[in-house]
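Asks: With the sequences and hints as input, model every part of the structure.
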Amino acid sequence: MTKMTKTSEQDLDIVSEMNMAQSSRRNFFRKAAVYSASAVAATSILSPVKLSAEDDSAIIHHKKWGTTLGDPVTKNHYGIPSPYEHNNTRRTTALLASGDNYASISMCPIHEQEGIITPNGLFFNRSHGGVAHVDPKDYRLMIHGLLEKPLLLTLDELKRYPSVTRIHFIECPANGGPEWRGPQFNSIQFAKGMMSSAEWTGVLIKDLIADLGLKKEALWMLAEGCDNSEMGRTVPVEKVLDDAMIVWAQNGEALRPEQGYPVRLMLPGWEGNLQVKWLKRLEFSKEPFYAKEETAKYTVLTPSGKAIQHFYPLEVNSIITSPCPEKPWTDLKKGDLVEIQGLAWSGQGTIKHVDITFDGGVNWKEVSLKGLVLPKSWTRFSYMYRYEGKPLLLASRAVDDSGHVQPTIDQETAVVGVEAVYHRNSICTWEVTDKGVVNNVHVRS
Amino acid sequence: MFMLDHKKIISTAMIASAIFFGTAHAGEQAIDGGAIYKVKDGMYTSYAVNTQDKKDFKYGKVPSKTEIAAWDIDVMPDGTGLPEGKGSVERGDELYEVKCGMCHGDFGSGGQGSRSTYPTLSVGSASTETLTNQRNVPDADGPKRAIGTYWPQASTLFWYIQSGMPFPHPKSLSNDDTYALVAYILSINEIEIDGETLDDEYVLDREKFLKIKMPNVDGFIPNIDGPEGPANVKKFLNDPKNYGNGTRCMKDCIDPKVNIVRIKVEINAFEPPMSVERTMKEEKVTGKVHPGQKLYEASCSVCHATDAMGAPNLGNKDAWASVLEKGIDKVYANGINGINAMPPKGGAIDLTEAQFKSAVDYMIKNSK
Chain A
29 MTKMTKTSEQ DLDIVSEMNM AQSSRRNFFR KAAVYSASAV AATSILSPVK LSAEDDSAII
89 HHKKWGTTLG DPVTKNHYGI PSPYEHNNTR RTTALLASGD NYASISMCPI HEQEGIITPN
149 GLFFNRSHGG VAHVDPKDYR LMIHGLLEKP LLLTLDELKR YPSVTRIHFI ECPANGGPEW
209 RGPQFNSIQF AKGMMSSAEW TGVLIKDLIA DLGLKKEALW MLAEGCDNSE MGRTVPVEKV
269 LDDAMIVWAQ NGEALRPEQG YPVRLMLPGW EGNLQVKWLK RLEFSKEPFY AKEETAKYTV
329 LTPSGKAIQH FYPLEVNSII TSPCPEKPWT DLKKGDLVEI QGLAWSGQGT IKHVDITFDG
389 GVNWKEVSLK GLVLPKSWTR FSYMYRYEGK PLLLASRAVD DSGHVQPTID QETAVVGVEA
449 VYHRNSICTW EVTDKGVVNN VHVRS
Chain B
53 MFMLDHKKII STAMIASAIF FGTAHAGEQA IDGGAIYKVK DGMYTSYAVN TQDKKDFKYG
113 KVPSKTEIAA WDIDVMPDGT GLPEGKGSVE RGDELYEVKC GMCHGDFGSG GQGSRSTYPT
173 LSVGSASTET LTNQRNVPDA DGPKRAIGTY WPQASTLFWY IQSGMPFPHP KSLSNDDTYA
233 LVAYILSINE IEIDGETLDD EYVLDREKFL KIKMPNVDGF IPNIDGPEGP ANVKKFLNDP
293 KNYGNGTRCM KDCIDPKVNI VRIKVEINAF EPPMSVERTM KEEKVTGKVH PGQKLYEASC
353 SVCHATDAMG APNLGNKDAW ASVLEKGIDK VYANGINGIN AMPPKGGAID LTEAQFKSAV
413 DYMIKNSK
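Chains as they are written, first to last, in the numbering used here: chain A, 29 to 473; chain B, 53 to 420.
Honestly, the hints are just simulated from the structure, not real lab data.
Given the structure is predicted, the values throughout are model-derived calculations rather than measurements.
Incorrect hints may have been included.
What the hints assert, rightly or not - Below 20 Å or equal to it, Euclidean Cα-Cα: the simulated PhoX-like pairs (lysine-lysine) are: (1) Lys-234/A / Lys-308/A; (2) Lys-333/B / Lys-92/A; (3) Lys-420/B / Lys-409/B; (4) Lys-234/A / Lys-92/B; (5) Lys-309/B / Lys-418/A; (6) Lys-286/B / Lys-244/A; (7) Lys-308/A / Lys-397/B; (8) Lys-187/A / Lys-110/B; (9) Lys-165/A / Lys-113/B; (10) Lys-223/B / Lys-334/A; (11) Lys-334/A / Lys-90/B; (12) Lys-355/A / Lys-418/A; (13) Lys-103/A / Lys-92/A; (14) Lys-234/A / Lys-90/B; (15) Lys-314/A / Lys-287/B; (16) Lys-293/B / Lys-234/A; (17) Lys-346/B / Lys-409/B; (18) Lys-393/A / Lys-418/A; (19) Lys-90/B / Lys-286/B; (20) Lys-346/B / Lys-397/B; (21) Lys-110/B / Lys-177/A; (22) Lys-234/A / Lys-244/A.
Replies: What follows is the structure, encoded as structure tokens:
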């Protein structure tokens, strides 16, 4: 009984079956023998005679998940991530809250992000008066103003319109905004996590209003939310008639409350705050509305003392996500082949090129894009690198198809200064030390 | 020879513009300075498209005039949407003390201490001269962006106060109260209307409101007003020199002796703390939820989560011990009637007395 092999266990099973009809007393002894054999087998059945130190105990020993039943399918009717993934989560910091956690922001863990779709529970969350919980039965969308026919829709009626599905990022124009005057966060999640990306489904507004007789003099559209802050923004009609959408789904399911359930505006490539959540009203007008979030905030103050208003698009941008401060190269050995990868995006078009530098921007080389390359969408880039264990100043630079090139910090601040708060898209540099530690630095000439 | 050069110049210019607007629709400019994409052969970029007619939908109904009026409460710079009403600076001051000061500070000076990120409403002056300040050298003063120094239109103030404020209980101010608060805020920003200083007795009404000229009205580019507004925006955003553009240099782009700026004071107070470990989370012991917890979170935490305006904050044993010296009945009564910066029931007038007490009990229980 001390060394039980797989064969001997099977033999015992067979013997046990053959003797089923025999006396219960004999049966009892045989069963007992099987059970005790199994008990021993659970730890040693696959064990060779001798374990060596190099043998991986994760392989040699059976694991609990292989020797017990898993969860029944009745558990978690709506699935949740593995409990081992609890650190892949949104995070907050008091510095970025407007006094409390209601008019505030939580950052997306882009260091853990794979591909170009952010899981719905990890999508960054910015609201101006808390996350509203709207009862879909009492949801109404009102479209009025300079139209021949105003329209009021319930949610079910809205969802009867023909839908399109598009992949777009959403970025807060304050992404990277705390770092105009120098690096502050040794973290990609906090340096660049005010953005996420999803596949959105809804109706193009040009299809929705095709029957409503938009008047010629209508130049602007107010989009207003029904949340605590009644967040509103003025949108030029030209965008409305191009690719603007009203969306109700995100990655195949209803919008999350944090993303404006049941309905939000989607203006591909434009500032996150323009993609008004909990959307209740669209009003067409001749003149702009001067909403609070397009005057007091979300305006870019330049050194001339004049502030840029109605600065809609997020300009071409990129960042290396691997390595990054959270995901350093401290485990690499000299000579290891490693993939450098990252995200590039532009609200003004489609990513055309990404270049990377190892010396802080003296010399650059073009790298591969990978995966889907879509307009106004995150785009992955990739470069295979032979790790040498020497210090690097690693950075990426993106170019889009509308001719915009991601600027250096010097190039950007020369035009807009350091008090802009919003629309910071200059090149992000990681300092990689000889130990593989990664630090957020700024490179200035 | 001249012809040849001329041609060369033209073709160079064309190449430049083709590069700049190098999209499917060269020459056509998007309002945001970006590329324009059109449906072609059933495809919109990489997306396939159903190109059947999408018109003649009969869903929904025409909203009634009353329904439109109920929601169409925005106020535009020309006065569209501005209701009749009136309020004095003095009345505004009283309202401000009760409903606004706990977050925005005395005289709109902004949140203090742990609430220092609450917006500053006034820097005590309507001068726009600090807006050219740049903090690009140590100890430099930054630009002061408050209502008087920065906001271009007073209409925004009326609209936003009435629809979005007070923060925990928006849409609760009457037209008269909103006029009074606007008058008070303009007065602390030292803004004059039609040459008149806004002293305590000053009464703001619709007629006077329409005469307000904000000091920074011309402080914004591009000009968005009038029939050329969108065209101005398009022109502005189509010139990246207005907001900065890079150059695609590949070799010897900058001096190899680069200046590396490192983090001086690292900010890493994150919630939850940063970690990329993949280990099982320790189970939290979860007890029964106190009936006052939800009420606290909805109505009290805006002030009591921190020490806003002297509000004893949740978990502060000393602050609550000293409050409780008066006895629990006095604590209830003070809260229900209001005390110091705290309005009656903290402004949560909808709470019953029992609910209010339950929220207080929750705070006390969690501050022992």
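Asks: Against each hint, give a clear statement of whether it holds in the structure.
Replies: To see whether the hints hold, each was checked on the structure:
{"no.": "1", "hint": "Lys-234/A / Lys-308/A", "in the structure": "holds, 17 Å"}
{"no.": "2", "hint": "Lys-333/B / Lys-92/A", "in the structure": "holds, 18 Å"}
{"no.": "3", "hint": "Lys-420/B / Lys-409/B", "in the structure": "holds, 17 Å"}
{"no.": "4", "hint": "Lys-234/A / Lys-92/B", "in the structure": "holds, 17 Å"}
{"no.": "5", "hint": "Lys-309/B / Lys-418/A", "in the structure": "holds, 17 Å"}
{"no.": "6", "hint": "Lys-286/B / Lys-244/A", "in the structure": "holds, 18 Å"}
{"no.": "7", "hint": "Lys-308/A / Lys-397/B", "in the structure": "violated, 31 Å"}
{"no.": "8", "hint": "Lys-187/A / Lys-110/B", "in the structure": "holds, 13 Å"}
{"no.": "9", "hint": "Lys-165/A / Lys-113/B", "in the structure": "holds, 16 Å"}
{"no.": "10", "hint": "Lys-223/B / Lys-334/A", "in the structure": "violated, 33 Å"}
{"no.": "11", "hint": "Lys-334/A / Lys-90/B", "in the structure": "violated, 35 Å"}
{"no.": "12", "hint": "Lys-355/A / Lys-418/A", "in the structure": "holds, 17 Å"}
{"no.": "13", "hint": "Lys-103/A / Lys-92/A", "in the structure": "holds, 19 Å"}
{"no.": "14", "hint": "Lys-234/A / Lys-90/B", "in the structure": "holds, 13 Å"}
{"no.": "15", "hint": "Lys-314/A / Lys-287/B", "in the structure": "holds, 19 Å"}
{"no.": "16", "hint": "Lys-293/B / Lys-234/A", "in the structure": "violated, 32 Å"}
{"no.": "17", "hint": "Lys-346/B / Lys-409/B", "in the structure": "holds, 13 Å"}
{"no.": "18", "hint": "Lys-393/A / Lys-418/A", "in the structure": "holds, 19 Å"}
{"no.": "19", "hint": "Lys-90/B / Lys-286/B", "in the structure": "holds, 19 Å"}
{"no.": "20", "hint": "Lys-346/B / Lys-397/B", "in the structure": "holds, 15 Å"}
{"no.": "21", "hint": "Lys-110/B / Lys-177/A", "in the structure": "holds, 12 Å"}
{"no.": "22", "hint": "Lys-234/A / Lys-244/A", "in the structure": "holds, 14 Å"}
In the structure shown, a violation is registered for the earlier hints numbered 7, 10, 11, 16, in ascending order.
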